[in-house]
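> Here is how the chains run, residue by residue.
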Amino acid sequence: MTITLFWFFSFLMLAFAIVVVVQRNPVSSAMALVVSFIALAALFVSLDAFFIGVIQVLVYAGAVMVLFLFIIMLLDIKAEQRRVISPAALAGGLIVIFGFVGTFTQMLAGFAPAGATAPTLPHVIEDVKRVGILLFTEYNLPLQIVGTLLLVSTIGVIVLSKRELK
Amino acid sequence: MPLTLHDYLLVSGLLFAVGFTGVLVRRNILVIYMCLEIMLNAANLALVAFSRFRPAADGMPDYHGQVLVFFIITVAAAEVAVGLAIIVALYRARNTTQINEINRLQY
Numbered sequence: 001m002t003i004t005l006f007w008f009f010s011f012l013m014l015a016f017a018i019v020v021v022v023q024r025n026p027v028s029s030a031m032a033l034v035v036s037f038i039a040l041a042a043l044f045v046s047l048d049a050f051f052i053g054v055i056q057v058l059v060y061a062g063a064v065m066v067l068f069l070f071i072i073m074l075l076d077i078k079a080e081q082r083r084v085i086s087p088a089a090l091a092g093g094l095i096v097i098f099g100f101v102g103t104f105t106q107m108l109a110g111f112a113p114a115g116a117t118a119p120t121l122p123h124v125i126e127d128v129k130r131v132g133i134l135l136f137t138e139y140n141l142p143l144q145i146v147g148t149l150l151l152v153s154t155i156g157v158i159v160l161s162k163r164e165l166k
Numbered sequence: 167m168p169l170t171l172h173d174y175l176l177v178s179g180l181l182f183a184v185g186f187t188g189v190l191v192r193r194n195i196l197v198i199y200m201c202l203e204i205m206l207n208a209a210n211l212a213l214v215a216f217s218r219f220r221p222a223a224d225g226m227p228d229y230h231g232q233v234l235v236f237f238i239i240t241v242a243a244a245e246v247a248v249g250l251a252i253i254v255a256l257y258r259a260r261n262t263t264q265i266n267e268i269n270r271l272q273y
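Sequence order for the protein chains is A and B.
Mapping of the first sequence onto our numbering: position 76 corresponds to residue 76, and the numbering continues sequentially without gaps.
Mapping of the second sequence onto our numbering: position 96 corresponds to residue 262, and the numbering continues sequentially without gaps.
Keep in mind the hints are simulated off the structure, nothing from the lab.
Since the model is a prediction, treat every value here as computed from it, not as a measurement.
Using N, Cα and C, we set each Cβ at its ideal position, and we do this for glycine too.
The reader is advised that the hints may include incorrect statements.
Listed next, the stretches of chain A that the computed footprint assigns to chain B, with coverage defined by at least 3 CB atoms under 8 Å from CB atoms of chain B [stated by the list, open to error]:
| # | stretch |
| --- | --- |
| 1 | 15–29 |
| 2 | 57–71 |
| 3 | 75–85 |
| 4 | 102–116 |
So that you can see chain A by itself, here it is in the shape it has in the complex:
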């Protein structure tokens, strides 16, 4: 059952990621990306990472994609025209992509820990508690730095969005 669900959500995620790439209309791309992110959240849940799955849905499928759609509608972007693809560019692109996939699969085949199956967990998952404890003890300084980063980016967005850039 878990295996069926894993492959189902994997294919869903990859198929909609491909739709993002091939779709000419940016709004359709954004909607496909939402589905892809939700399928990815399902994969996170299958890895017992419930907290990460929830923030994936909230932050990515929720906030980030709403921002994307908002900007697409604000800029009123039309669908791209069909353009002539030069054979040289197509061949070069295919070589790069298949070179990457080929190298990756070959590297994965020779990667010894990859055969590991999921170990059974000794007790119940309490990942929010565990991640929270780590965030406020060992990763306290990075957490504060990330907080500052969010503040700086908020200020940066406001400065960038001003009508007149002086």
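Please arrange chain B on chain A, whose structure you already have, making use of the hints.
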């Protein structure tokens, strides 16, 4: 046959390849940005898979990997906000989001 780390890493690598293709082939800067997000998410999937399949000493998943994913998601959210603000500023200056029409450093 039970699921192995290999399956998750393979899916993660394929997702990364799809995002990579998008960054290479698309001309619309917004879609390129979406494909960058796909690549970040592929890395997140690999990290969570490692955290689950390589348990810590007490047999629970290695939560350090999930903390790293948490930070990646936070930074990605900040990055999206700033990047989209830059795209809006660019659109105001040039009236286009096609990268082949944005070919001058100074305006």
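> Check the structure against each numbered hint from earlier and tell me which ones fail, lowest number first.
The structure breaks none of the hints.
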